[in-house]
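Colleague: Sequence:
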Amino acid sequence: MRGADAALTDLAVNVRAGTPPEWLKARIAASLDGLAAYPDGRAAREAVAARHGLPAGRVLLTAGAAEAFVLLARALPTRRPIVVHPQFTEPESALRDAGHTVERVVLDERDGFRLTPGAVPEDADLVVIGNPTNPTSVLHPADALAELARPGRTLVVDEAFMDAVPGERESLAGRTDVPGLVVLRSLTKTWGLAGLRIGYVLAEPDTVTALERVQPLWPVSSPALVAAEACCTPSALAEAANAADRMAADRAHLADRLAELAEVRVCGPAAGSFLLIRLPGAAAIRTRLRELGFAVRRGDTFPGLGPDWLRLAVRDPATTDRFVIALAKAVAESAD
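Using the UniProt record's numbering, the first residue of the sequence shown is number 1, and each one after it goes up by one.
Note that these hints are calculated values from the structure, not bench results.
Each statement offered as a hint is correct.
Keeping only pairs whose Cα atoms sit at most 20 Å apart, straight-line, the calculated DMTMM-like set for lysine to aspartate or glutamate is:
#1 Lys329 to Glu260
#2 Lys329 to Asp256
#3 Lys329 to Asp308
#4 Lys25 to Glu229
#5 Lys329 to Glu263
#6 Lys25 to Glu239
#7 Lys329 to Glu291
#8 Lys329 to Asp10
Each pair of labels, with its calculated beta carbon distance range:
#9 Arg42 to Pro179: 22 to 32 Å
#10 Arg246 to Thr209: 37 to 47 Å
#11 Asp108 to Pro205: 29 to 39 Å
#12 Lys25 to Asp308: 32 to 42 Å
Where a beta carbon is used, it is the ideal one built from N, C-alpha and C, also for glycine.
Please build the complete structure, drawing on both the sequences and the hints.
Modeller: Written out as structure tokens, the structure is:
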């Protein structure tokens with residue numbers, strides 16, 4: 001945060017606190033000596049492929065996962081694209097910007113925002129869903145997502161937050177038995193690299209080729225390529241796994257503390273690096289929390305959610321304890 005907001009504790013952005021780590025900063029800084037040369041993504045592509053047990057022809061490096069949504073919208077012909085909501089709004093925006101008419105499947109709070117494969121129209125030829133889903137933090141079973149696959153259908157699973165899930169359980173990355181599967185990954189959330197723009201696509205070789213055709217030349221910078229390769233090393237993967245375990249413990253602490261407030265309903269069970277909560281008067285409470293030093297994410301910009309929803313990033317227990325005190329104060333004041 002900048003300027004007057006610098007003193008705010010940020011629970012609105014889902015980037016792991018304390019990142020990027022010093023060793024990764026050093027690797028990125030060292031790459032600056034090679035900026036005179038054009039980027040060469042072969043080593044990073046091979047590293048990502050090896051990390052998921054795939055051939056390099058199934059990997060496409062992108063300028064963040066957001067670029068992948070734009071490439072998919074431009075490259076793949078689709079008659080009936082479906083976006084499963086609530087979720088990250090960028091895939092729908094990219095499809096609409098490319099001239100597609102997008103339909104929504106909106107999951108129900110009463111079902112815990114969980115997917116029933118039958119809710120997706122049979123003739124949908126492009127389906128987009130997040131796992132774990134932003135903002136609900138729901139982790140859909142991999143088998144349930146695989147059931148969405150059909151001949152002639154592209155199934156896009158946004159796994160931008162999957163590396164925050166211990167063991168990456170329910171991930172479809174590395175699967176080659178699901179026809180039409182496209183998995184998107186990002187290094188932003190775990191490694192704190194939003195400003196570097198690095199992500200990747202895992203898909204069938206023909207799909208990768210189609211996406212490459214509409215991708216600009218040298219879309220990923222040399223420092224970003226170095227970061228991608230570095231984050232796929234065994235030591236980096238071990239660090240990410242440890243961070244996921246800590247995140248799960250910190251998330252449980254946040255959920256437990258929120259349960260002390262009768263007015264707050266936590267959407268769960270949660271699997272991501274954030275929680276979705278519902279409480280009356282959330283908009284006014286969000287404003288008051290800002291005055292008390294905490295920024296939280298409004299929920300009503302996500303299709304399927306209304307003004308009573310907020311999304312909270314998971315932080316360390318001490319930060320959580322301070323936040324819950326502020327939240328309790330804001331809730332009490334709103335009731336007066």
